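*Asks:* Okay, here's what each chain looks like letter by letter:
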Amino acid sequence: MATDLGAIEAQLNQAFPGAVIDRDGDWLVIEASRLPTVAQYLRDEMGYDWLTHLSASDYPDRFEVVYNLYSSRPDQQGPGIPFKVRVPDKANPHVPSLTSIWKSADFQEREVWDMFGIRFDGHPNLKRILLWEGFAGHPLRKDWHEPYYEQEHKPFPSRWPHAQQPKPRSAEERVRWRANVQYPQGFDPDQWKPVPEIDVLPAAKIDLNGLETDQVYVNIGPQHPSTHGVLRMIVGLNGETVTSIYPVLGHLHRNHEKIGERNLWTGIIPYTDRLDYVCPMYNNFGYVVAVERLMGQEVPERAEYLRVIMGELTRVINHLLAIGFQFNELGAMFTPMIYAFTEREHVLDLFEEASGARMMVNYYRFGGVARDVSDDWLKRCRKVVDRLDRKIDEFDTMLSDNEIFIARARGVGAMSWQEMVNYGVTGPVLRSAGLKYDIRKVEPYSIYDTFDFEVPTFETGDIYDRYRQRMAEARESVKILRQALDRIPARGPIQAGKKPWNPKVPAGELYSRVEHPKGELGFYLVSDGGTNPYRYHVRSPSFVNLGALEAMSVGHLFADAIVILGSIDITLGEVDR
Amino acid sequence: MFGIGLLKGLSVTMRHFIESYLYDRKPWEPRYHEEWLRKRQSVEGKGLFTIQYPEQKRKISEHFRFLPMLVYDETPDKPRCTACGVCARVCPPQCIWIQRATDEKGRPQARPAGFWIDTTICMSCGFCAEFCPFDAIKMNQEHEIPTSDRDRDMFYSLEKLLVPVEYYAKLHPSDYAAEQQERQAKQEARKQEA
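Read top to bottom, the protein sequences are chains Z and R. This note's numbering puts the first residue of the first sequence at 1, with every later residue one more than the last. This note's numbering puts the first residue of the second sequence at 578, with every later residue one more than the last.
FYI, nobody ran anything at the bench for these hints, they're computed from the structure. The structure presented is a predicted model; accordingly, all values stated were derived computationally and were not measured. Be aware that one or more of the hints could be misleading.
Computed list of chain R residues with no C-beta within reach of chain Z, every gap over 10 Å [stated by the list, open to error]:
id	residue
1	E632
2	Q633
3	R684
In silico DSSO-like cross-links for lysine-lysine, where the CA-CA straight-line distance does not exceed 30 Å [as the list claims (entries may be wrong)]:
id	chain 1	residue 1	chain 2	residue 2
4	Z	K154	Z	K499
5	Z	K499	R	K747
6	Z	K383	R	K623
7	Z	K383	R	K747
8	Z	K499	R	K763
9	Z	K379	Z	K436
10	R	K737	Z	K383
11	Z	K479	R	K634
12	R	K634	R	K623
13	R	K655	Z	K167
14	Z	K167	R	K747
15	Z	K499	R	K768
16	Z	K383	R	K616
17	R	K585	Z	K167
18	R	K634	R	K616
19	R	K747	Z	K479
20	R	K634	R	K655
21	Z	K391	Z	K441
22	Z	K127	Z	K84
23	R	K636	Z	K383
The beta carbon of each residue, even a glycine, is placed where N, CA and C say it ideally should be.
Taking the hints into account, I'd like the entire structure generated from these sequences.
*Replies:* Structure follows, in structure tokens:
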């Protein structure tokens with residue numbers, strides 16, 4: 001399963017003697033000063049051209065910045081190279097930036113700077129990304145504590161057995177600038193001035209037909225009907241043509257990762273529902289698969305089938321919704337979207353019956369699923385699948401040949417797959433540009449290797465191809481669903497062994513990824529053998545895909561930029577975490 | 578030819594439009610008929626999908642979960658809860674506070690003296706009910722709980738949380754039946770051992 005790290009280490013040692021200083025489990029440790037040259041070599045000479053995941057971890061004596069490289073070359077797809085860099089200087093940590101080699105490093109390095117305060121030398125715009133400029137401290141460091149801090153880890157001892165009647169804290173007290181706001185030392189709110197925003201933007205003057213004129217910036221959001229949530233974009237315009245897009249993120253930020261690190265392993269499962277709230281089942285799936293890999297946990301067959309059924313139902317409704325919203329942005333107000341929502345209702349009814357909730361499902365468990373389904377449920381599910389199949393055809397008739405759509409979508413937002421790989425774009429957007437890459441095929445998890453399905457691809461990666469890609473993938477999911485419903489064992493356990501409320505996860509460190517409907521959903525977990533993860537990081541597909549928005553939109557019309565944003569299909573719950 | 582694709586698409590919306598009038602409506606029956614409702618919201622349904630909330634309500638699934646409740650068998654002063662604390666410890670947002678009862682000498686008793694749930698924090702995940710070893714905490718389905726004062730009304734104490742077992746049996750009939758069966762099997766096994 002894993003790549004032959006020994007061979008890679010030997011090859012790297014031959015090319016750069018002394019660059020690989022250590023082996024830490026499945027991770028190569030590379031000397032920080034030689035990181036860019038080694039990375040360049042890995043990309044150009046060895047074909048590992050895809051930096052999908054970059055994050056960091058805080059240990060008592062050092063920081064570690066971790067990287068996960070994968071390859072788009074057909075013979076090397078599958079397991080990649082995990083490597084890390086150690087930063088012993090905790091007072092003034094810095095690492096060379098990889099933005100000149102991989103553009104996907106841009107957003108992720110900014111996130112690491114924001115959360116850990118590690119500087120990346122050579123990064124063109126090392127600003128906070130999820131928090132605001134002026135925030136005190138770097139919250140994912142272990143010594144950072146939030147207001148009302150009780151304990152490093154849950155469960156808090158104040159809850160049992162000698163709890164005092166807790167004083168109800170009103171929501172006003174929780175949010176108003178009172179006890180729950182921490183000021184840095186010597187800070188005076190009256191003297192505070194916001195950091196001017198204009199310096200994040202490119203030159204304020206432009207040359208237009210020999211005339212010097214002001215660059216026009218238009219703010220879209222954070223609340224705007226066509227931005228899919230609370231995303232703000234500062235769009236630079238030349239006439240009606242987009243010259244730059246600067247996304248301002250973090251309006252929905254709640255530090256999911258800090259919450260996760262302080263929670264029990266089990267307690268994170270319901271929080272993952274809230275990442276991408278359109279596909280809660282698949283977030284559960286990704287997290288549970290990651291922890292099971294760390295635990296070496298087996299899953300009974302019926303539970304695996306239920307997992308795949310729930311996951312693929314999620315994929316169909318996500319793609320239908322993405323198409324529906326896409327048309328909203330194109331101006332076909334609400335009709336396709338509401339049709340998609342109707343189909344979603346039927347699937348949500350199934351989820352409600354199986355898990356107890358429509359959206360915040362909390363259905364997957366380590367080694368199984370939460371609740372078995374009845375035979376009636378399976379019969380109904382089959383009917384819903386048949387209906388979805390019919391409705392995908394109906395969407396096809398309704399939208400695919402629409403001349404207005406084709407005129408708006410053809411050639412807009414196109415990008416080659418090579419460039420997308422450099423930006424770290426994954427999922428349907430990447431496949432629509434022609435690269436056949438699906439984690440369900442190249443690095444199978446669960447029981448996806450037993451199903452017969454195709455990975456559809458298209459050629460240009462423009463909005464029209466992304467639309468067709470989603471349609472084709474929804475059809476493939478229906479195919480998987482039919483097979484799963486045919487083959488699911490009639491009876492059987494749905495949980496391996498006893499379901500512990502507080503499982504012990506052996507010490508270890510891994511990056512595990514699954515094919516989320518929006519792209520590669522990865523979890524980077526570090527366990528120290530305790531009841532809580534030591535480090536918990538979510539590599540969310542929307543966040544990284546959003547990094548390519550500017551490159552896709554520049555040169556297109558203002559109205560098209562919004563459609564391109566919609567065609568990337570982001571969910572802000574997952575972008576801001 | 579230009580326009581054919583557009584017309585094809587419009588034919589779909591037109592069909593939906595007509596179906597929303599003709600699929601389930603009979604002019605001599607009241608506008609929102611119970612049977613139509615079931616028909617149009619079924620998987621085969623074709624007409625209007627929406628309903629008139631709150632005059633009409635959908636039947637919610639028996640597995641639906643919203644907020645926790647505490648079950649007692651006979652009288653409210655003898656709840657099933659033994660104050661073991663598993664729910665308080667597994668709760669992801671830590672919204673459960675339990676005070677264990679003590680006798681006059683200060684020895685711990687297997688029942689709660691105080692039990693509080695801050696429902697403004699509760700995320701309805703259902704872990705407390707799932708991991709309770711005594712089937713004492715279950716998920717209520719009462720979800721229309723708007724109030725004018727969240728400090729006073731959204732902070733549930735023992736009195737507000739306790740419900741009779743009949744109420745639970747009515748909400749979750751199949752879960753209740755399964756639990757009863759399991760309990761009987763256990764009792765019989767114990768009898769045979771004795």
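*Asks:* Against each hint, give a clear statement of whether it holds in the structure.
*Replies:* To see whether the hints hold, each was checked on the structure:
1. E632: About 19 Å separates R:E632 from the closest Cβ of chain Z, which puts it past 10 Å; holds.
2. Q633: holds, 15 Å
3. R684: Holds: least Cβ distance 12 Å, greater than 10 Å.
4. Z:K154 with Z:K499: Distance of about 19 Å is within 30 Å: holds.
5. Z:K499 with R:K747: Distance ~27 Å between Z:K499 and R:K747 Cα, so the pair holds.
6. Z:K383 with R:K623: The hint holds at about 14 Å.
7. Z:K383 with R:K747: holds, 29 Å
8. Z:K499 with R:K763: holds, 19 Å
9. Z:K379 with Z:K436: violated, 34 Å
10. R:K737 with Z:K383: Given pair R:K737, Z:K383 is violated - Cα atoms ~41 Å apart, limit 30 Å.
11. Z:K479 with R:K634: With Cα atoms ~34 Å apart, Z:K479 and R:K634 exceed 30 Å; violated.
12. R:K634 with R:K623: Holds, at roughly 19 Å.
13. R:K655 with Z:K167: holds, 26 Å
14. Z:K167 with R:K747: Violated - the C-alpha atoms of R:K747 and Z:K167 are around 34 Å apart, more than 30 Å.
15. Z:K499 with R:K768: Since the Cα atoms of Z:K499 and R:K768 sit roughly 27 Å apart, the hinted pair holds (cutoff 30 Å).
16. Z:K383 with R:K616: holds, 14 Å
17. R:K585 with Z:K167: violated, 62 Å
18. R:K634 with R:K616: holds, 14 Å
19. R:K747 with Z:K479: violated, 39 Å
20. R:K634 with R:K655: violated, 35 Å
21. Z:K391 with Z:K441: Holds - the C-alpha atoms of Z:K441 and Z:K391 are around 26 Å apart, at most 30 Å.
22. Z:K127 with Z:K84: This hinted pair holds, its Cα atoms lying about 23 Å apart.
23. R:K636 with Z:K383: holds, 20 Å
The earlier numbered hints that this structure contradicts are 9, 10, 11, 14, 17, 19, 20.
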